[in-house]
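Asker: Listed here are the chains, written in short residue letters.
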Amino acid sequence: MSRIRKNYENSFAHRFLVFVKGDKPLPEEDHVEEWRNRVAEVKETERTENANYIELAETDPYEDAKRFAQMSGVKVFRKIYYVLAVLMCLMIIGMLIMNVMYMPRFGSAETPTNNEVAERYLEKGSEETGVVNTVTGMILQYRAFDTFGETNVLFVAACSVMILLFRKTEPEKAPRKGKRKRKDAAAGNAPEGPSVSTADGQTEAPSCVWPPAMDTEEMEPAPDVILQNVARVVVPLIFLFGLYILLNGHLSPGGGFSGGAVIGAGLILYNAAFGFRATRRFFDEKVYDIIKVGSLCLYALIIAYYLFTGANGIASVVPLGRLGTILSSGLILPINLLVGLEVACTMYAFYALFRRGTF
Amino acid sequence: MDFVRNFPLFSILLPMVSGPISSVMSGKWAKRLNFAVVTVSGLLSVAALVYVLSTGEAYTYRMGAFPAPFGNEIRVGVLEAMTATFFCFVMLLSIVGGYRFTAVDVPEEKQNLYYIMLNLLLSSLLALIYTNDMFTGYVFIEINTIAACGLIMIRGWGRNLLAAIKYMIMSLLGSGLVLISLSILYGITGHLLMEQMHESVVKIMEQGTYTEPLTVAVGLFCVGIAIKSALFPFHSWLPDAYGYSTCASSAILSSLVSKGYIFLLIKFFYRVIGTDIIHQIQVDDVLFVFGIAGMVFGSVSAIQQTDVSRMIAFSSVAQIGYIYMGFGLNTEAGMIASIFHILAHAAGKSMLFISLNSLSDGTWEYANYRRLRGAAYRHRIAGLGFAVGSLSMVGIPLLAGFTSKVYYAKAAFGVGSTYKMLIALVALAISTILNAMYFIGQLINIYTPLVVEPEPGKVRHATATRIAVFMFIIVNFVLGMGSEPVFRWIQTGLAQFK
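Just so you know, the protein sequences line up as chains A and B, in that order.
Residue numbering for the first sequence follows this note's numbering, beginning at 1 and increasing consecutively.
Residue numbering for the second sequence follows this note's numbering, beginning at 1 and increasing consecutively.
These are computed hints drawn from the structure, not numbers from a lab.
Glycine included, C-beta positions come from ideal geometry on N, C-alpha and C.
Treat each hint with caution, since some may be false.
With a Cα cut of at most 30 Å, we get these calculated DSBU-like pairs of lysine-lysine [stated by the list, open to error]: (1) B:Lys166 x A:Lys66; (2) A:Lys286 x B:Lys28; (3) A:Lys66 x A:Lys79.
One side of the interface only, derived from the structure: several residues of chain A facing chain B at Cβ under 8 Å [unchecked claim]: (4) Pro104; (5) Arg120; (6) Asn152; (7) Ser160; (8) Lys292; (9) Leu296; (10) Ala300; (11) Phe308.
Here chain B stands alone, though its shape is the one from the complex (with noise of 0.2 Å):
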């Protein structure tokens, strides 16, 4: 066997490793421990895409002594070892550019466990995607449930720590419907690996006796997914714990968290349940109405706000709803459009947070849209960065959100049904109109040649923040002009879920 195969389980288990140990570092170590984890868990996964793209095809790893269905198990494949890759890349990025802010917001003896937080929370991310077994997915939905609360709680602020609870408590639900779901399965397919489900989700298909139960598990899990990601009718908790948490702690939400979700989710339709069951027990449909709802109601809501920050975190909503549409089409090519939005929506939404922390300095820690008038005057790179972010956002050329839409377009056209096409369409379009409404009217507003003066010796100049804004604007074009490999390899991947 090649040593390359074992990097993923490195991947995992350093940054858990270094948990404990950043426990008893100051925060001083604990930072420079944290960014040499995460960079080299990006590493690794890089190793492992090369790796498995030279072979052409994906392999399991066996956790332990014993073999598939008795004991635990990890599934490399091209999608898997990319979207670890993308994601150590992102997270790398964030904790970069919100170090000038980490370092205000966070209490000096509380620096540590906020690295603590940041490392067990990669090592769920990546556990997340690599995994192959259902329960291995449920206890590190657990890790990342936690870690993302302490995130947000550690700015301290009453806000946060509200936030934090409600986060919590609609988190915690999420989680319930997960296991209950996962127990009823369990019940009647007698598994808890990927493949061995499968096999027995086939096999009650054909024989239909236990479909109810099926039915009620798929529909629960998909709900306490839901729930954990923030589709629309469940968003309640995410401004206030996306808006006031510190820079890194949204950034890294915003991008990561509910994705590690989301990728569970796409394992769990193609490699559990299988895309024709899916579809004959209609979940696809659900899913396709509330990802169409959220577009247009998380949008409007986006236009109602005035603070900026919950501006972005509503626009956050409605592009959790464009990867739930491409779940509800349920065709290779909307699924292939979800998961690229899914990167596109990464690489934006975290340099938006980053440039707008940094253009909200000097205005006394609030986001308020009529304090950052001009403030791209004050912070040249923040605000080229929240430019390309929000037309990104918007869907202009050349950037990654265009790429993705048109990719949405045209898995909308090679659908069946003449309606969801239909619908799918006249969303796309209503969406970015609404889109464009809030973030074309916003960069107007900061390039607004009018300067408020900040308050003094607040605005916080960080060679690190510009380093890692700059490094997202050179990421969203990449994504969006170069996108062809990309796209193949996702295309390789999903073959290779089959």
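Excised from the complex, chain A in its bound form (with noise of 0.2 Å):
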């Protein structure tokens, strides 16, 4: 137990303190007058030093070549800044197909790319990795890394259109507590909305300015039948090619990116035809972050896996299977499936996000 210690407001610790916080002493009753009279006469200060700086701005000596600027220098400056920037664009056309001259020729057997890794990619890939569709073995396998990150360069511009577009509407969310501009916006005396800089940035801006949540769910168009019927015929196909792609990836050409990406059309034009209020009875927010969220999580572990087993030297336990068919090549069904479940949610995410903000 610590003590309370008395005289604490002159100990050392004390006023450390305060020199660190740079506080000041509370003024004294004896001084108040003088303290007011100390802080309107810096006010007094910094409102002269103002006018000063006004006035010299106003009778500014170069103004006769400011307006000169303003009025024709910068229509002639814009010219010439368009000619260069046409210019520029032209020498670096010429110079990239000059440079299309000198490269080696493409289908040539001498090619430095027909090379050992090509040779073994095609010759070796079905054997190693248990895959038909060579592709998807080099970049599930050989290259796994590489996809991975390219896996999170989709999750992270989904992050990143969240960031810009995502709004809560669910009205039963009380305002947020500790924002002052919040509870002035319900009361009505504050202007919301981004606030408008002007070029010298000396606007009185908020500190924060997300516009507010608005619900547009009202504002839907009305349902098409045309659309709906066709929808009702189209999507069940598109979703089962889908899955068709996605299984197949490591058969014939396809896999997660592109089988995700046909997911996520039909999702699409499933909530084009019959609107987000059917669409969020099986895909709302809480789907998405379930499937998003375990899909990266399983990937990731699987790729932990793999990198760690494989530059230890440590046998995959996962089997080949018999080349050919559905259930073969080890990891990288999984790895199909989990990517095209990621694609399929960004896919719709970002279509959602730009038409309604939510889900």
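Mind assembling these two chains? They're in different frames, but the hints should get you there.
Answerer: See below:
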């Protein structure tokens, strides 16, 4: 137990703390008047300084030069700028075209890209990774780390869009605590919305200016009968086709990214035909979160396992299976599935966020 | 194989996994997770550094079941491990220093998104540092770009959105050029891994078959990275992006994001192309000219600013110019000076941004220099941090900036051509004077004993910020006075690159 120290105000620790915080000592009764005078003096000094400054700015010795710059100088500069920009672009285009002439001929047998790397991918790819489609084997086994990075690019892009567009629309949410601005807005005495900043940056901007949440459910267009009927037929087929591409990624052209894109397109079509309320019955924010987090974390676990065992020379326990069957190729099938789920969710999330700002 | 060898992989994967997990957490827990992740990644990097120093040689780590020309690889040497450790440390301090501001600037429901961006940014920085594969480098450049964009726009002012758009356009242009360059290089070498690429490049230069595409590819790569790290003529996105973001974002963007790209460029020079060939195709001279121009014009623009945060942002342009000037010298000493300057600038600039954000508390959200008059008396430690940071940028002895300038001067004397030496020395002198003009003026301004009444109830004193600034001050002094081991580590690391 620490005891309370007597006469703490005069102790070194307290004075040091006050010094660091920059607090001023409380004025004693007699000095209040003096203190007020001092503050008034400081304010007065600043005001005169400001006035001087403004005066100085108004009587500008370079006024003529500035007016010329504003009236015609900028225009001339703009024109020169455009011409130079176009010339620059033409130069870069010319340089790249010239460069193509010096590059190795496409399709010729002597090109440097036809080396032992491509040979091994094509000749031993099926044997080592258990896939028929060599491209899948290459991106998900030989260069698995790059592909993991690519999937995270999608995730971080979705998060960026959420920063920009995501709005909470539940009406039961109380206004945020500690945010004076919101409370004022509720009382109706503070302008909401992004403040327009002037060039010199002297506007009084509030601390955060994301526009208020707005429920746009009522603004959605009326359902279209033709679209709905077509969607009823087409959407299941699209889902089925997407699943086929996903599951056959290691056997035929396709895989996680393309299959996921197809499923995402199906979700978007369903949403366009039947609206957000219908889609939310099976795909709302919760489902999105579960799929996103689940698939990415599982993917990360699989990749960590694969990289760790591969680097340390530990034999992987996952069997490669028989070449050409659905349940083969070891870790590639689950990775394809997870990537597909993530891509589909991201595609739909982009659409929903851009259209409504929520799910 | 020693278990420690796996640590760099873990330090990349850990922040990456924590990204998706944070997306379902509340802001408070995401913050804690982020703190833990950055700390653990830093500790793992320290362990890797100790291991590499004890064995005395770098090692490559196979990413997956397939060996080098067929699969991915990362490479861990002294320089990589040291940079990773330092980056984790600076990031941790910047985030901690910015907690108070993040809580106010970022809406509550978006706090977890902010920490996702930070986690993925850390992961991509570490991957850029460790990678031994150019295409992996490109993938993580993408993640880095998008995450940085998120960091800029999270504050949600109109100016932030504009800055983010500017940054996105310029940065994507840079990524595009890097990608074109990598495809040309793949077309003429047939490899994506650094060592195999280097062998092919040496062969190309001997045979003289594809030297034109090689020159174009190297040029495009340099321009791409230069755009992304704001070398002088490509810096138009920088002041808005650094100046108006929230505190932690500004600190991290200015000190780490651009440095990750520059580190990849160093690897490209040393491990893919080779410094002799860089000299042969004269890319170093071009970088030297632009570096010198950046040193002078960045400072000239900084002098014109009335907003102190924009002033510090423009000072970054000058400092990036220093780094490229060191590349342009194209000697070992020049490269060591540049790498040391990367560290010194990271330590100084992030401290300046955190201090400035604390000082401009209660000035109606603006860091206009007139409102900062006497601000150092409101927030003593931030004032001290600002003083140390600006003196370090100017190059006052005992501080990190001075040491790096000494290294630059030494490197300039070691260059073969007299013209280059003279130009480098004169530019160093001019740039130092220009730096002093705006930094010392600003110091006098904030220490002028004329106290402007702060906006009531707006001065925020946070212990975390104080601790962070205090630690940064220590780092600056350590880098300035005890630079010898760091210098030796950089030397060993560069020797291991070959």
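Asker: If a hint holds in the structure, say so; if it does not, say that too.
Answerer: Hint by hint, here is what the structure shows:
{"no.": "1", "hint": "B:Lys166 x A:Lys66", "verdict": "holds (27 Å)"}
{"no.": "2", "hint": "A:Lys286 x B:Lys28", "verdict": "holds (20 Å)"}
{"no.": "3", "hint": "A:Lys66 x A:Lys79", "verdict": "holds (19 Å)"}
{"no.": "4", "hint": "Pro104", "verdict": "holds (6 Å)"}
{"no.": "5", "hint": "Arg120", "verdict": "holds (6 Å)"}
{"no.": "6", "hint": "Asn152", "verdict": "holds (6 Å)"}
{"no.": "7", "hint": "Ser160", "verdict": "holds (4 Å)"}
{"no.": "8", "hint": "Lys292", "verdict": "holds (6 Å)"}
{"no.": "9", "hint": "Leu296", "verdict": "holds (4 Å)"}
{"no.": "10", "hint": "Ala300", "verdict": "holds (4 Å)"}
{"no.": "11", "hint": "Phe308", "verdict": "holds (7 Å)"}
The structure shown violates none of the earlier numbered hints.
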